[in-house]
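Peer 1: Mind docking these for me? Both chains are given alone in their own frames, and the hints should help you get the complex.
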Amino acid sequence: MTRIVGHVLILAAVLFFLGLIGVLVRRNIVFMLLSIEIMFNAAGLAFVAAGARWAKPDGQIMFIFIVSMAAAEVSVALALVLQMHHRLKILDTDAAKSLRG
Amino acid sequence: MLELLWIIPALPFAGSLFLALLGRKLPRRAIACLGAGSVGICALLTGLVAISFIGHTSSHSFTYTQTLWSWLDVAGFGPSVSLHLDALSLVMILVITLVSFLIHLYSTEFMIGDADYSRFFAQMNLFVGSMLTLVLADNFLLLYLGWEGVGLCSYLLIGFWYGEPQNGYAARKAFIVTRVGDTALAIALFIIFTHLGTLRIGEVMLAARDTWPAGSPIATVTALLLLAGAVGKSAQLPLQTWLPDAMAGPTPVSALIHAATMVTAGVYLIARTNVLFMLSPAALTAVAVIGAATLVVAGFSGLVQHDIKRVLAYSTISQIGYMFLALGVGAWSAAIFHFMTHAFFKALLFLGAGCVIAATDGEHDMFKMGGLRKQMPLVFWTFLIGACSLSAVPLITAGFYSKDLIIWKAYCSARGSVWLWAAAIFGSLLTSMYTFRMVLLTFFGPLRKNATKRPGWPMSLPLVVLAVLSIAGGLVDLPKNFGGGSALTKFLTRDLPSFVTAPGRAVHQGMFGVFAACVSLGGILLIELLMRSRMYEKISESPRAKALHSFWFSGWGFDRLYDLVLVSPYAMLARINRDDVIDYFYTGLSRLSRQGWRGLCATENGRVRSFVLGIALGAAIIIGLAVFL
Chain A
7 MTRIVGHVLI LAAVLFFLGL IGVLVRRNIV FMLLSIEIMF NAAGLAFVAA GARWAKPDGQ
67 IMFIFIVSMA AAEVSVALAL VLQMHHRLKI LDTDAAKSLR G
Chain B
1450 MLELLWIIPA LPFAGSLFLA LLGRKLPRRA IACLGAGSVG ICALLTGLVA ISFIGHTSSH
1510 SFTYTQTLWS WLDVAGFGPS VSLHLDALSL VMILVITLVS FLIHLYSTEF MIGDADYSRF
1570 FAQMNLFVGS MLTLVLADNF LLLYLGWEGV GLCSYLLIGF WYGEPQNGYA ARKAFIVTRV
1630 GDTALAIALF IIFTHLGTLR IGEVMLAARD TWPAGSPIAT VTALLLLAGA VGKSAQLPLQ
1690 TWLPDAMAGP TPVSALIHAA TMVTAGVYLI ARTNVLFMLS PAALTAVAVI GAATLVVAGF
1750 SGLVQHDIKR VLAYSTISQI GYMFLALGVG AWSAAIFHFM THAFFKALLF LGAGCVIAAT
1810 DGEHDMFKMG GLRKQMPLVF WTFLIGACSL SAVPLITAGF YSKDLIIWKA YCSARGSVWL
1870 WAAAIFGSLL TSMYTFRMVL LTFFGPLRKN ATKRPGWPMS LPLVVLAVLS IAGGLVDLPK
1930 NFGGGSALTK FLTRDLPSFV TAPGRAVHQG MFGVFAACVS LGGILLIELL MRSRMYEKIS
1990 ESPRAKALHS FWFSGWGFDR LYDLVLVSPY AMLARINRDD VIDYFYTGLS RLSRQGWRGL
2050 CATENGRVRS FVLGIALGAA IIIGLAVFL
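Residue numbers (our numbering), protein chains in the order written: chain A, 7 to 107; chain B, 1450 to 2078.
Honestly, the hints are just simulated from the structure, not real lab data.
Treat the numbers as computed from the prediction; the structure is a model and nothing was measured.
Just so it is clear, CB atoms sit at the ideal spot from N, CA and C, and this is done for glycine as well.
Be a bit skeptical, because a hint or two may be false.
Stated by the list, open to error - Label-pair ranges, simulated between beta-carbon atoms:
hint	chain 1	residue 1	chain 2	residue 2	range
1	A	Val11	B	Tyr2035	51 to 61 Å
2	A	Val36	B	Ser2039	24 to 34 Å
3	A	Leu40	B	Thr2036	47 to 57 Å
Chain B extracted, bound-state conformation (with noise of 0.2 Å):
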């Protein structure tokens, strides 16, 4: 089964080009046949390979590899168009093509109304391909071209009602945002490929051990670089700016772009160069401090939004976090595996918002909504466990096993802290007032807009597969002490360093994670106590807490501390070298001669005497020189 692998890949490509070219002459049902069928086979053959590559596991350390082509083969470099299937990229692509094709049925009725069908299937399909060549390409080059075809997609499916300029606007942002990260990547790639003399990433990682002693500043370098990368893909500080406006989009496109696949890319490329990191300290340490500055950041600003879709785009940033985190302490597999159960209930909950939206006629305003818990009691449901697993309520919900998981290893791990796991435990509370925030001004309190359409079984189903994804999802890794083996850090080990604990801290594992719980499960009945009681509004009327208000609301000013220090310079710049400065040379020459030429043409005029004496002044000054010089 595993020589299908390069199928995975392939489908949806041969789809989203199919639809590119005979789209608009297929009739709508054929349509999404196409673009939800492809992902769907895609999903399909994915299980049957995962099956049978765990059929391998007598042989431990069992990865398979399948060259198509070569790509190009100049002067010793010569990667290949080869994938790469071991037990990271296998959890990957599985979770992918499952919520892809999730997402790409819930789109076949979402999306119907919409005038450019079969560009949106077309666009989607290309970035469900181009995703996947990301995870399985076996070279950093290949990798590197589905990292920027990925961006491509992002860039135009923000953009997919063009027709509004500022959806245009959040496109463009998002694509130069993440053009910062993906420059350093490339830069990365450079001297990966000066240094250790190859691009496939298995090399790499055995070249760069060999040849690059721990701690030495290349290693540094590049760690720092492709961290950099990871960055501006996974939307974490300092540039996350992008990811809220990127929910000018469709719904369906963030729930599948910007919460599930594309912004944990750089969770995965940071597992997949763990080797780099492991080499240097300082560059793993930063991923920590990054990911737990961004969780809190990220929570503050998520809790004021009003725009239903924006909590959950700061919510996605702030878990991202909290998978980075995970990284920099060493605990590879925990990112993982959130990346797996946020991919599940973050999906669900944009879903479930899009269904809500779309109910109440493109409301984005929670403010404006209220009340929707008896008239959609479908998407309530479904969403509540969503909010749930977003908010680790203990026990029952998948999210809580990935971010105990993740809390708890922030603490005890050897490149652990008390501050670190301090803010993880502080987000957590952030996390659960902002996901009940939502839930509770959407589905409860008075009914402020009637839903007009009840979503049908396309739209359902997705939701409803979600939600047990979203329970069952922390199934695969139960902890020893709920009586479970942690098959997936198990499985995941055999491509990821083991995690390192602490000595002295690996003690009270139990009571951190009560604690865990009870923070959570606090969160959520704090705000429903200030929602009730009318304190939230109270709060949120005193001048002080407004000024704050309008602080987090603006993502910390991040994006007019942006402004102010790059984009207006900037565009200053621009407007000074409007007619290109260096350009002023050449049209001073050009001007020069033309002014000589007319300088010239007054002396052709055609009098006989003018030319005598210009003859005459020319041979005196000739005589003159000769005589004087």
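So that you can see chain A by itself, here it is in the shape it has in the complex (with noise of 0.2 Å):
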């Protein structure tokens, strides 16, 4: 079992360090949400095998919470995004710097 959960939480981090890239990387304001999508979801991976290795409810109640606020998040961003492409005609983020926040 705890073999296992070792090569889940390896398997946990590349999937968030390839978010995290991912992040850094493109410029994309669309592939950036993808990303961080795949950072929530590699940290609920984390959680789900810790909880399977303690045989505790407690990783899963955190899994169903970031899934929830992840839908949260994607709600409100989906929605900047829109107004984005609405007022700026781009997508790419690193143009969109007038705010400066």
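Peer 2: Right, here's the structure in full:
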């Protein structure tokens, strides 16, 4: 069991860094959101694995939290993406730095 | 009449205030009436006060104290503004008001062409008020107020013609050099207050006599600090350098402040605090040695000056040296006597020099004058009387009686010595020589510059009165040998300790007197011979004499020494510290925070990806710390 958990955690870490690299490297905001989703799920996967290791429900509860939070985040983020596209006619985050925030 | 004492210092202050506020709108005649009038009434009142004071002679140690108001009262420190009249201060205020009035009268004509007529009289009146406060003060704090007041007026009046930069320089120099002494005086007052708990002069003297044993270090330190204050104000070694430069002021200022009154404040201070000096024989010896050294050093410098006013300035330093010598050997009343006669004849000489300078269109160089004897007979004769009095021509002049007394007492005093006597007698020779060199150069010889104007009555009258006083002033203290009763000495001995003669020395006074007289007359003859036979020029042309000449001319190189030791290092430090070394820390702090701000600003560039990088790195660092620590 422990060995599987170890493998799952490595997978989670790999997924997390893939997501992070995606956020850092991609300039298109839609792909950045996708990468963030990957990072969320990597974290969720780590929680689930940890919950299975100690046979506790906490990990799965945390995963449900993460999924619901990701859903809320995506709804806000997509609204922002739409606004961005609507006003600036671009999806490039580096070009859209006039907000300075 | 004594209740009117407060009016004496109040009148000049009132005159000064009035002139300062309204002077510009008044016509010159009104300014002259106000300026000279306030001091004139002052002199009259002083006369009345003196008559009623001397009327109280029935009680031997009569003094009069008038408390005007309480100045402040904090935690046992309660100096009041009160005036104290005793024999010493009475003699001082009599001389001060009389000479001040004559000089104010003279100034009404002398300064008539000046644009700042009212400013001149406002400052002169302020000076007289401060000087009277100094002398009449009942406590040291009020004395210090007057002391600083006269210093301020001296500064203002030396720099009266402030359009010339070197006049401003001379004024600053006088102010800063005397400040050295004033600081010492302030420290002395702190010591007195912390140890004796009072600043009232009478109480301090009693308390010091009771609590400080004779010769104790605390008494010596206090007396030496007081001496330093006196040395600064009275332009004695080693703080004498400001006085020759102070001649940049108008001539009446030199006569009033830098000859007759302010520079003798040091003599008054030492005489007033005589108990402290009696407790410390070392300090008293220092007074005598400083006086003796100063009178010789300044005498040599006076011998080679070209500027008529600088001769008189060095002569003033030298004569105050005599007063210090007298104080140092315990001849207290002789010092005050010499102060009195010196005020008369030196004011006379300055005023005469002022007439000469005014008549020759502002010429100060004696070598460009000459032969003015026929052109200005009144000035010549009164100047000659002043010069005779300064040179102590025997029997007929006041200067003889006062200076002879000092020379004699320098020898016969229990604190005196042959060396002090020798310095005094040598100084007397120098005095005659530089005085008559000045007279010969200015009034005799070929006419080099025509006198363009004659003094009117406001300038002539003071000359005549002061000439009379320079001769008759000696009568108040005529010694027994000449059929007098030493009236002034007796009068002053009420407040000042009496003179102690050394056993076995108090003989042959007559012979010493004759010798001193011969020396002063010999000096006059010697300089006459030297000047007439052209020996003077011959001597002064040899290279060695030239070097000596320039050494004496520059006042024994004291200015250069102070420049080298004090002024230039200070200026260098000031240059280094131009931006304030301690400030570097604070400017560094502000620069650091500005750099930090700039760095943080750079991170806020609006790129989402760099924010993410920042968050990721921050998280990595924190997790790293959590894991590895």
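Peer 1: For leucine 40 of chain A and threonine 2036 of chain B, compare the CB-CB distance with the range 47 to 57 Å and indicate the outcome.
Peer 2: holds (51 Å)
Peer 1: Please check whether valine 36 of chain A and serine 2039 of chain B have a Cβ separation lying inside 24 to 34 Å.
Peer 2: This hint is violated: roughly 46 Å between Cβ atoms.
Peer 1: Using the Cβ atoms, figure out if valine 11 of chain A sits within 51 to 61 Å of tyrosine 2035 of chain B.
Peer 2: holds (58 Å)
When held up to the earlier numbered hints, the structure conflicts with hint 2 and nothing else.
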